[in-house]
Structures are given as structure tokens and as C-alpha cells.
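Heads up: the sequence lines are chains A and B, in that order. Taking the working numbering, the leading residue of the first sequence gets 1, the next gets one more, and so forth. Taking the working numbering, the leading residue of the second sequence gets 1001, the next gets one more, and so forth.
By construction, these hints were calculated from the structure, which means they are not laboratory data. All the pointers check out, no bait thrown in.
Computed from the model, here is a short list of chain A residues facing chain B with C-beta under 10 Å:
#, residue
1, Leu16
2, Lys18
3, Gly24
4, Glu27
5, Ile29
6, Ala65
7, Ala84
8, Ala261
9, Gly281
10, Met282
11, Ile294
12, Pro318
Quick reminder that beta carbons are idealized off the backbone N, C-alpha and C, glycines included.
This is what each chain is made of:
Number of protein chains: 2
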Amino acid sequence: PDEAARAKAVARERLLTKPAGALGRLETITEWLAAWQGRHPPDIRRPRTVVFAGNHGVAARGVSAYPASVTQQMMANFAAGGAAVNQLCTTMDADLRVYELDLEHPTADFTQGPAMGEEACARAMAYGMMAVEQGIDLLALGEMGIGNTTAAAALAHALFGGTAADWVGPGTGVAGPALATKTAAVEAAVAANRAAMTDPFETLRCLGGYELAAIAGAILAARLGRVPVLLDGYAATAAAAVLFAADARALDHCLVGHCSAEPGHRRLLARLGQEPLLDLGMRLGEGSGATLAIAIVKAAAACHAGMATFAEARVDGPA
Amino acid sequence: PDEAARAKAVARERLLTKPAGALGRLETITEWLAAWQGRHPPDIRRPRTVVFAGNHGVAARGVSAYPASVTQQMMANFAAGGAAVNQLCTTMDADLRVYELDLEHPTADFTQGPAMGEEACARAMAYGMMAVEQGIDLLALGEMGIGNTTAAAALAHALFGGTAADWVGPGTGVAGPALATKTAAVEAAVAANRAAMTDPFETLRCLGGYELAAIAGAILAARLGRVPVLLDGYAATAAAAVLFAADARALDHCLVGHCSAEPGHRRLLARLGQEPLLDLGMRLGEGSGATLAIAIVKAAAACHAGMATFAEARVDGPA
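Please construct the entire structure, taking both the sequences and the accompanying hints into account.
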């Protein structure tokens, strides 16, 4: 991070026409933005939402309320502008890019062994890195993939322990016997891959998916490219958690846009030490929560850059 | 409320390309918006932030960290575009109107008797009602007035009981002996006016201020004019609480944009049964939290109106 830019933000914040600290989290967001964009004042002219899509072999086990065909069908919906994230990007004046990762070839069923081979996982990560193009100044990361809250739960369970049930939730809306099936799949996945998961990246390969590996790659590339990141819900955060498990500072350039109603997300955020910007009961994925949070980050930057100082406005300071 | 418009929103929400309920609170916001705008689909083309400003006799007792001169000085800052709310309105593409209520003549010191006479209080309410002009489709209500968290605490204490200390907080940043002075002023205000406070509107007259009376008036007029309202922080919500105390349904057309770091606000929201849209540690007033929340309401309306249905997008439903 650029500590000089951060220090400039802290110094200017003190001069602006408001009681000290009165903009609350908007002030710390501005400091974070300055540090990770590496400039002062920070600004957001070209925010982008990136959605990675992948298919999961485990979906065949009935872990989702929706058929795996929906992943591909939603690509057409994104392209036609009909999904929630399209409307949210329009509202936030953000670009949207959707990247498909070989949807015709799902990952292997990870209850039987690794989801991905080494080369395939590395390729997905590299693909995600390439999505961080020049000129983006805030990146919201999301995903689409039927079955991927099962992968997220398996990753969280393997990385942070507890029981499978601690990390499994309804996802798109499973309940009753289907929820038990999902929990059993997570247990089986962690058991089947235990020996192979010798480090966090091997865990990603065994229990993740192409879109989750791409998100991990994008987070890494964003840090190198000085692009602050907003993470979306449970699946995106589980992908990010792989990096956190490897290095507890790896997500310092990331904030979490929204706390999902998927119960594992709140638990996961606590492990990562992340306080989400929004908490509105959403549980959709596709970058929706991260995109909505762009408004908060934009507002923070706008206040910091545009407000008058006490001296400029000739407003009296504390009595 | 227009229950037919609300029912149309509920019906359409079920058809959109997302798992049922996956947009969480955005879905209930859309239903609320349809019901109180009285149309389906609801939309937000002309949001407006209105800030009322007033001065308080009690400010002379040293209850604020800032001198009372700041209220007037901030009017120039608003006009020049230098305050936080100016930047927030620009970010949200919302109009901003600031109305001064006779700043040269503060209310009477309410530790000695009523803050306002009957005619002055009624005039301030009427002034607030007139600010709700034709064509506004979402109204964010805020205030500016050195000393007004003291008035807010006094109103909350009188309306909802407890102790003065339950409702008093740092406001612009008082602590130690000044905080004790503020708490004592609230206790004295409630004691001095006890006999006169025979109903909630008399309580407003005794313990409120011109800008708070104007907010109460604006909330009433907005309901009649089918304009949904976003309330700001502690002072604005305390003004709204007067209406709630008179009729527990009086704020059904209002949502609270943000939970202030001022501790009395969370307590007050619990009494009103209001769940704030945002919780970002802000404590600035001037409509800042309500204006920031415009982004959430806009996003909700945009998703509802713009998303494709499962049938339109040819996306499979639950398996």
C-alpha cells in the first residue's frame, strides 16, 4: 500500500467541514482507497464489475435447487441485460464484464477426488488475472455457478475447520433432505481430498471451481495493479479466503461489499476480520452485493475530494 | 398505501430471474416504494434531499462542541457546494434544497420553558409541509442546527421515558463535563415542561426546534403527496418520533437511511420498529445518511423494473 497517499487522506480528512470522524466508515474507506490506488485524492471514474462463471461436477448430486443448465442460461441473460447485476451496474455507472470458464466442461465431482487438475486450476487463476485490465480503479468481483455455495462451504470447512454443517446453507434455496445431501457432499469432499490438501492453493484445486480460481487470480492481479477490490458474497469470499489462508495480509486491498443471508458468509467474514459494507439480506451472488457497495465507496471518495475545509468555508471550529 | 400497486410488485418479484427472495431487503423496499408512490413499477427519477436548519436557545448552555454561529456558516457552505451532503447528492444524482428557519432568532432555552410558542411551532411545521413540492418521488430529510441532538434527546426522553442519560450522546463531539452539562439540560428541559406536554405535538413545541418541527411537517405532507421518505439520523428521527407517538402507523411511508453512531439513535429506532438501511458509523446529520441510502432504494427499483423474468430469459426454474 501507498502509506504516503494514506497519510495525505488522513490529514485532509481532519480539515473538512464536519466534526472529526463524523463520516464514520466513509473516512476509513477513503484512506483505504488512497493507499491501494496509490494516489491522493483517490477517485473512482472507471469502476468495473467482473463476474466469472463456472460449472461444478458436484451439481449432479442435487446440491442446488436449480439445474446446472442455469449457469449457461444466465450467460444469455447477462448479455441481454436482464439480470440483477446488469441493473445494479447501470445504477452505479459501472462497467460489467462476464467471463465464462469452459461451461461445457464442469469440474470433477469433488466428493470423489480433486475438482481440478493442476494445469486447469492454474489456467483458471491466470484467466482471472488477465481480467484485471488497465484503467480500472475499483473492481467488484462476483460469480455465477450452480453448485458453488457447496464448493464455498467445502473450502471454508477445509480452511477453517468446524463441522460441514457450520458452513452449509440453503444457497439458491435447498432445505430438508436436499440440505442434508449438500452437507454430506461437503463432508465427503473434505474427506476424499484430505491427503492432497497440503496448502491453501491445493485446497482451492481440490474443492474450488474454475470461477473461484479465477476470482483468486483476479484478487492477486488487482493488488499488483493497484486496483482496490470489493468482494461479493459467500462463494467469492471463499475464493478470497484461500489467499488469506496463505497470507493473512493478502486481502488488505479488499473490502466485502455485503454480508450474504447465506449463514456461512457471516462466519467466514469473522474469520477474515472483514466487516461488510452492507447487510441487506441478499443472497444472489453474480456480483450483486459488491456492485451495490460501489455506491458507498464512490460516496466516500466524493466527500473527501469535494468537501470544503473549515478554512475555505470560513466555518468556525470547535468552541 | 396503494395495496394494489404493492401486490403487483410482489407478483412481479416472483417472476424475476433470481431465486425467490434472493434480493433480500431490496425486494421489500420495492414493495414499500410501490405502495407509497402509488404506482407500479415504482421508479425514482426525481429524488430530493431537503435540509432544514434552525437554531436552539439551549446551545448557549454549552451543549455542543461547536458555537451556534456554525449553523449560519454552514448555510454558506451548502450554497457553495462544500458540505458532505452536496457531494452525496451529486453522487446519487439527487436535488438538494436547504431551508433556513429564522436562524437569527433561536428557539427559547427549553430548560426554562417551551422552546416555541404555538404559532411559531405551527408555522415551522407548515413551512416543512410546503417544502414537499410536486414531482419529487423520493424525499431524504435531514437537518442542521447546533444544539439539536440535545433537543432530540429531550424529545426521545419525554416521548419514550428512560433516563436522560439513555438518550444523550456526544453529538458533534462533547465529552466529560460538557456531556454532563448536556445530560443535565435534557433532564431540566423535561422537568420544566412536564405540565405542558399533554400530547406529542405539545412535546414537539416544548422540546423541539424549528427545523425539527419542519421535518415533522414534511413527513406529513409527503404522505399526503405519495412521496416515500428516507429519514436521516438522530435529530431527524426524533422529529419523526413525535408523529409515531401520535399514531404508530404515521411513519409507514418512511424508512431510516442510516443508523447514526450517536447512541440514542439505535435505541430510538428500536422503539420505532425501524431497521436502518445502512450502518456505517456516520454521525453528521445534514441529510447525509438518508442521501447515501438513496442509492439502495434506486438499486431496488432498478432491479425490479429492469430484470428479465424466467420466461423472457428462458432460464430454467427450480429443478
